[in-house]
Amino acid sequence: MSPTRPVSNGTNGQGNSVVLGPRDRLVGELYIEGDLQVSGTVDGTLEATGNIEIAGAGKVSGTVTAYNRLVVGSDASLIGGEVRVARLTVEDGATFTGKVSMGKHAVESPKPIEPEPTSPRLEVVPVVEPAIEPTPSVKPVQPIKSVQPIKSAKPSPQPVPQKGKRR
Amino acid sequence: MDVQEAVAEGTASAENGEVKRDGRKQFAMGPGDILEGKLIYDGSIHADGKVEGEVRVSGNIDVASGASVRALLEGSNVTLKGQVEGAVTARDKLTLAKNARLSGDIVVRRLQIDDGATLNGHVRMGDFESHTSGQ
Chain Z
1 MSPTRPVSNG
11 TNGQGNSVVL
21 GPRDRLVGEL
31 YIEGDLQVSG
41 TVDGTLEATG
51 NIEIAGAGKV
61 SGTVTAYNRL
71 VVGSDASLIG
81 GEVRVARLTV
91 EDGATFTGKV
101 SMGKHAVESP
111 KPIEPEPTSP
121 RLEVVPVVEP
131 AIEPTPSVKP
141 VQPIKSVQPI
151 KSAKPSPQPV
161 PQKGKRR
Chain A
168 MDVQEAVAEG
178 TASAENGEVK
188 RDGRKQFAMG
198 PGDILEGKLI
208 YDGSIHADGK
218 VEGEVRVSGN
228 IDVASGASVR
238 ALLEGSNVTL
248 KGQVEGAVTA
258 RDKLTLAKNA
268 RLSGDIVVRR
278 LQIDDGATLN
288 GHVRMGDFES
298 HTSGQ
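The listed protein sequences correspond, in order, to chains Z and A.
When you number the first sequence by this note's numbering, it's gap-free, plus one each residue, and the end is 167.
When you number the second sequence by this note's numbering, it's gap-free, plus one each residue, and the end is 302.
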């Protein structure tokens, strides 16, 4: 593949081209090997290996990653997300907010990062909760409202001495 | 190269203040000039050379292509062609020209980024309290 490929208004030879028209709507995630043009409404995450263009009155709220170029047209809006692109064009009149990371380093990975099925952190959570004893309220023997005396009969749970900074 | 320590509040710097045709003042810097400190200026500034600190103007800010700016910038229309590190507030419009490089958070009313420009930072778009111009 030549380094300077001709950029036409369709596919640029890198893959397919997906167009979401003005009446189309997407909620969720979309990964495209190629280019993407959005004139409709997107609420979610967009990622394309080529260019992304938010055209017409397109509205995108969410994270946008384009390995090449992102264009936000003059009537389009991109709100609130994280934007990681190699090149960026925002036309005058566009609505554009969010965190922008640009340059090669921002979109270095040529392949999509596979979502980790389980975060290892979840297993190593050092919970310092006091051991919850089976509460006597489990047995619904007596429909008496005041379960209080049973609770007060128990030794009150000692607050675990944490080294937290809160006071 | 002489270092210009400028703390000019509302008054024109004698040697750099020029009255433009429309009656507004312009603080014009050259490529060899250095501005360090805080400048509050009633007029526009053409920043070139090296700028460090804080620049707040009532008019426009124009950063030349060879300029290196590490400063907080605030103006009505802000046009960047050079390299800027720092927060930028444009009460009207911020333009990043094709060779501009901006690292910093920006607050703007309108935004234009030309292809080739580099931006790293948060962008917030909103209306400012000055509703004087009823357009």
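Quick caveat, the hints were computed from the structure, so don't treat them as lab data.
Be a bit skeptical, because a hint or two may be false.
[Stated by the list, open to error] Pairwise CB distance ranges (calculated):
| # | chain 1 | residue 1 | chain 2 | residue 2 | range |
| --- | --- | --- | --- | --- | --- |
| 1 | A | Asn266 | Z | Glu33 | 44 to 52 angstroms |
| 2 | Z | Arg25 | A | Asn266 | 33 to 41 angstroms |
| 3 | Z | Gly93 | A | Asn266 | 16 to 24 angstroms |
| 4 | A | Arg191 | Z | Lys104 | 18 to 26 angstroms |
Bear in mind that the values here come from a model prediction, so they are computed numbers and not experimental data.
Where a beta carbon is used, it is the ideal one built from N, C-alpha and C, also for glycine.
Here is how each hint holds up against the structure:
no. : hint                                    : verdict
1   : A/Asn266 / Z/Glu33: 44 to 52 angstroms  : violated (31 angstroms)
2   : Z/Arg25 / A/Asn266: 33 to 41 angstroms  : holds (38 angstroms)
3   : Z/Gly93 / A/Asn266: 16 to 24 angstroms  : holds (22 angstroms)
4   : A/Arg191 / Z/Lys104: 18 to 26 angstroms : violated (41 angstroms)
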